[in-house]
Amino acid sequence: MTTQSRGGLFAVMARFGDQIAVFQGVVPYNSSEASQHKAYPSPRKLSKIDQHLVAQWKKLGITPSSPADDATFIRRVTLDICGTLPTADEVTAYLSDTSPDKRQRLIDRLLERPEYASYFALKWADILQNRGSGYSTSKQRAGTMLFSAWIRDSLLSNKPYNRFVSEILTATGSQAENPPAIWYRSVRNTSNYVESIAQCFLGVRIQCAQCHHHPAERWSENDYYAFAAIFSRVGRKGGFADAEVPTNEIIYLKNEGEVRNPRTRELMQPRPLGGPDFSISRFDDPRQSLAKWMTSPENPFFARTMVNRMWGHFFGRGIIHPIDDARSTNPPTNPALIEELAHDFSTNGYDVKRLIRVITNSSAYQLSSVPNQTNQEDTQCFARYYPKRLSAEILLDGISQVLDVPTIFPGGPGQFPEGMRAVNLPDENVRLNFLDAFGRPSRTSACECERTDAPALSQALELVNSNEIQRKMTDKNGYVERLGTNTKSHSENVRAIFLRTFSRNPRAAEEKMAVEYLNSEKSRQEGYRSLLWALLATNEFMMNH
Numbered sequence: 011m012t013t014q015s016r017g018g019l020f021a022v023m024a025r026f027g028d029q030i031a032v033f034q035g036v037v038p039y040n041s042s043e044a045s046q047h048k049a050y051p052s053p054r055k056l057s058k059i060d061q062h063l064v065a066q067w068k069k070l071g072i073t074p075s076s077p078a079d080d081a082t083f084i085r086r087v088t089l090d091i092c093g094t095l096p097t098a099d100e101v102t103a104y105l106s107d108t109s110p111d112k113r114q115r116l117i118d119r120l121l122e123r124p125e126y127a128s129y130f131a132l133k134w135a136d137i138l139q140n141r142g143s144g145y146s147t148s149k150q151r152a153g154t155m156l157f158s159a160w161i162r163d164s165l166l167s168n169k170p171y172n173r174f175v176s177e178i179l180t181a182t183g184s185q186a187e188n189p190p191a192i193w194y195r196s197v198r199n200t201s202n203y204v205e206s207i208a209q210c211f212l213g214v215r216i217q218c219a220q221c222h223h224h225p226a227e228r229w230s231e232n233d234y235y236a237f238a239a240i241f242s243r244v245g246r247k248g249g250f251a252d253a254e255v256p257t258n259e260i261i262y263l264k265n266e267g268e269v270r271n272p273r274t275r276e277l278m279q280p281r282p283l284g285g286p287d288f289s290i291s292r293f294d295d296p297r298q299s300l301a302k303w304m305t306s307p308e309n310p311f312f313a314r315t316m317v318n319r320m321w322g323h324f325f326g327r328g329i330i331h332p333i334d335d336a337r338s339t340n341p342p343t344n345p346a347l348i349e350e351l352a353h354d355f356s357t358n359g360y361d362v363k364r365l366i367r368v369i370t371n372s373s374a375y376q377l378s379s380v381p382n383q384t385n386q387e388d389t390q391c392f393a394r395y396y397p398k399r400l401s402a403e404i405l406l407d408g409i410s411q412v413l414d415v416p417t418i419f420p421g422g423p424g425q426f427p428e429g430m431r432a433v434n435l436p437d438e439n440v441r442l443n444f445l446d447a448f449g450r451p452s453r454t455s456a457c458e459c460e461r462t463d464a465p466a467l468s469q470a471l472e473l474v475n476s477n478e479i480q481r482k483m484t485d486k487n488g489y490v491e492r493l494g495t496n497t498k499s500h501s502e503n504v505r506a507i508f509l510r511t512f513s514r515n516p517r518a519a520e521e522k523m524a525v526e527y528l529n530s531e532k533s534r535q536e537g538y539r540s541l542l543w544a545l546l547a548t549n550e551f552m553m554n555h
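For the sequence shown, counting from 1, position 319 maps to 329 in this note's numbering; every step adds exactly one.
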């Protein structure tokens, strides 16, 4: 017998012999109160994905939070799409716009900005493990820069996602002539190909199947090694194929190659996960068959994994969570929603920008993060926006933007152009303590969980004592210096600071408190420096909410 002590979704797994069944149920949080609540959006105003969410909210007895105000929305969506804060001028213009479609038009503008491509190129460089660590020569490091640029260009041109993935899977040649081939340099051996591709593009964590068939999981050892057989003919030349630090290798297709199950010694026929055996001649590339199977609209994993990944990016958690761990014992919180998104994505040409528009134009994405009495315990049904801390690069760039002092990266202007943003760094090998303290990943795994937002003492020390933050606060050409020397009133400056930092005007009490503090300080410049330091350390600045 199973009991549920609180409201929400739950899943129960039952096992008999080698058979597994999972039941997903719903326990309302407070059905009597919700039934009297009138906060559900009008069905006429709902998109299809909102309709799936509202149907679930009604079952759970929860109502959504109110829509986010305009100031909150412009900050949220600009950070989520472009990885940058809106400028004070952008906020002012947006708040004064009275047109009913201004949110939709804002989303369209953001998707055409180069910052969109840079931000999501960073995300994909993490997932695809585009590493610079261990490469000592400029020729070796150039590969990571070329791959990063190729990813950015693909996003900028809105290359269809199925083509983007196919070009990586089937890549051959040198890094100079075909940057996607660099993925094979970074990931290296056959087992890593299998595990990374399954996790990145199919949402499956198959690592355990390398040595055993877990009784509660679908995938067996034979599934693992049949998948590995697809890559048995991938070869390298022009470098040391087994070296930990390869030279400028060329990826090519060998005439022969095989994979056996190491326990049974069975010769494995190339076969994708859950797919048919491939009948491949020695003149054909099995990876071409894999790409065709994987990107087919009938594939049960491909589109669903991508829409779940993007949903997780914008909402802070996936419909399947973790986002790359789809299995029968970890069902989606809203099956109809994820299937709707996947179908829309695959039938519209795997258009990533369109997918982002669908998600960010939804009523759900535009909800406030402030909970109400019915949804305050909800953490998986998206009845409110879930705040999330800014990632390391975005936080550093945001501080640089507010203080108007660019970051100086190791290597100096000779290696990186002046004013370069952290989000544009080609790899993780550019060492900066601030980025490491705030969870930048080492790119040794295909899992997005390698990037962490967990709080740590080192983060507080970086904000207070790091040389980089101290330099930004005291730069003679920076924003703090200008505040200390301009002739504007404290009230005018405080309003400008809040627009610049929080993308909103200060409340009356906030403005009064800030002005009183500034009047009490002997040094005008030190007063503004302390005020900005305090604001940059708040949750309101460090979180997207």
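Check before you lean on any hint, since a few could be wrong.
Distance condition first, Cα-Cα at most 35 Å in a straight line; then the derived DSBU-like pairs of lysine-lysine [said to hold, decoys possible]: (1) K58 with K498; (2) K169 with K68; (3) K498 with K169; (4) K302 with K363; (5) K112 with K58; (6) K522 with K498.
Per label pair, the in silico range of CB-to-CB distance [what the hints assert, rightly or not]: (7) Q386 with N477: 26 to 32 Å; (8) V474 with A159: 33 to 39 Å; (9) Y396 with S167: 30 to 36 Å; (10) A346 with C218: 38 to 44 Å; (11) S57 with S291: 33 to 39 Å; (12) S291 with N443: 49 to 55 Å; (13) A159 with E550: 33 to 39 Å; (14) T548 with L166: 52 to 58 Å.
Honestly, the hints are just simulated from the structure, not real lab data. Every residue gets a Cβ at the ideal spot worked out from N, C-alpha and C, and that includes glycine.
Evaluated hints:
1. K58 with K498: violated (50 Å)
2. K169 with K68: violated (38 Å)
3. K498 with K169: Measuring from Cα to Cα gives roughly 48 Å; hence the hint is violated.
4. K302 with K363: holds (22 Å)
5. K112 with K58: holds (21 Å)
6. K522 with K498: Holds, at roughly 16 Å.
7. Q386 with N477: 26 to 32 Å: violated (41 Å)
8. V474 with A159: 33 to 39 Å: Taking Cβ atoms as reference, V474 and A159 lie about 36 Å apart, which means the hint holds.
9. Y396 with S167: 30 to 36 Å: Taking Cβ atoms as reference, Y396 and S167 lie about 32 Å apart, which means the hint holds.
10. A346 with C218: 38 to 44 Å: Violated, at about 30 Å.
11. S57 with S291: 33 to 39 Å: About 47 Å separates the Cβ atoms of S57 and S291, which means 33 to 39 Å is violated.
12. S291 with N443: 49 to 55 Å: Holds, at about 54 Å.
13. A159 with E550: 33 to 39 Å: holds (35 Å)
14. T548 with L166: 52 to 58 Å: violated (34 Å)
The structure fails hints 1, 2, 3, 7, 10, 11, 14 (numbered hints given earlier, in ascending order).
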